[in-house]
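Position 247 of the sequence shown, counting from 1, maps to 247 under the working numbering, and the rest follow consecutively.
Simulated from the structure, these hints should not be mistaken for lab results.
Don't take every hint at face value.
Said to hold, decoys possible - Computed cross-link-like contacts, PhoX-like style, restricted to lysine-lysine with a CA-CA straight-line distance of at most 25 Å:
hint	residue 1	residue 2
1	K132	K156
2	K252	K100
3	K308	K252
4	K151	K132
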Amino acid sequence: MQNSNPNLVVSRVPGAWGSLLVLIGFVLIGMAVGNILAVMILALYTSADTGSVTELLSQLITNPSQVPNGWYAMMILQGTVHFFSYLLPSLVYWFYIERKSLHQFDLRTTPSANVWFLAIILVIVFIPVNSKFIEWNGAMELPEIFSGMEKWMRDKEDQLSVMTAFLTEYDQFGQLLIALFVVVLLPALGEEVLFRGIIQTRLSQQWGNIHLAIWVSAAIFSAIHFQFYGFLPRMMLGALFGYLYYWTGNLKVAVLGHFVNNGFVLVMMYLHNINVVDINIEEKKSMPWMMVLASLFLSAGILSIIKKSGTAQNAAARTNQ
Numbered sequence: 001m002q003n004s005n006p007n008l009v010v011s012r013v014p015g016a017w018g019s020l021l022v023l024i025g026f027v028l029i030g031m032a033v034g035n036i037l038a039v040m041i042l043a044l045y046t047s048a049d050t051g052s053v054t055e056l057l058s059q060l061i062t063n064p065s066q067v068p069n070g071w072y073a074m075m076i077l078q079g080t081v082h083f084f085s086y087l088l089p090s091l092v093y094w095f096y097i098e099r100k101s102l103h104q105f106d107l108r109t110t111p112s113a114n115v116w117f118l119a120i121i122l123v124i125v126f127i128p129v130n131s132k133f134i135e136w137n138g139a140m141e142l143p144e145i146f147s148g149m150e151k152w153m154r155d156k157e158d159q160l161s162v163m164t165a166f167l168t169e170y171d172q173f174g175q176l177l178i179a180l181f182v183v184v185l186l187p188a189l190g191e192e193v194l195f196r197g198i199i200q201t202r203l204s205q206q207w208g209n210i211h212l213a214i215w216v217s218a219a220i221f222s223a224i225h226f227q228f229y230g231f232l233p234r235m236m237l238g239a240l241f242g243y244l245y246y247w248t249g250n251l252k253v254a255v256l257g258h259f260v261n262n263g264f265v266l267v268m269m270y271l272h273n274i275n276v277v278d279i280n281i282e283e284k285k286s287m288p289w290m291m292v293l294a295s296l297f298l299s300a301g302i303l304s305i306i307k308k309s310g311t312a313q314n315a316a317a318r319t320n321q
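I would like the entire structure built from these sequences, with the hints used as guidance.
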């Protein structure tokens, strides 16, 4: 069918599935480029040849504490790979394939100040609720027939736990700032643009069901991290960010929620490392049910207020048209 509006800019790839396949291609190319560039940067950083860098990468993954300046090398690796795997290919796809601008990620005008504040409070209040999903997911056991797969999943989880513990052992304020940029800001931007701004939007357009699109996007968001014993809590966070985007119509609110969620953990770890607070937020302790239930009701209440604000904003926009 021919486009009756010559001013309407349409995607270079017709159809949601075709465009999403192109997006996957961009992401895969970005991952490859990011890994190659990371190796080159690490070679310059360590003044080593390619063979030594290969050994360095292996050590960073298996035993990062034994690598000289390993924390900074890991930050270089994480930042480079993440930028080229998520943020850059998503923006190239958005600009070139969808032929849209940055402001078109936002479906409505900027929300009121209280919505931004509530989004910040929400992700912190939601922590006790999500702690139960962390607990349940961590206790997952597969049937005996899948024992080999379970061992591989456990080994992968243990390996990632070692890397996470190493990355959060910093006690210098400069390291905290670097971590907030590499581990918090880059993922908040790249992952929200990719999973909420593009994938959730495209699936919603294809299926006509925003709730299905939110949860499927959240599941993909969680699965791509390859942390099997953290799948459920990460999916819940993905859905939370998805509803923030849907009900506010502003991707920056979801980015803010993502940033605060990850940043809160890093700041609390830093304060623990310098002996300001006694609580180690990374310890997987079971929270009391009363705290979890209070967290659940508060989270639901805050989400309800954000939803009503978005509904009112939609009604006002229709009235002004």
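Status of the hints after comparison with the structure:
1. K132 - K156: holds, 22 Å
2. K252 - K100: The hint holds at about 17 Å.
3. K308 - K252: With Cα atoms ~18 Å apart, K308 and K252 stay inside 25 Å; holds.
4. K151 - K132: Answer holds: K151 to K132 is near 23 Å, not above 25 Å.
Hint check: no violations occur; every hint is consistent with the structure.
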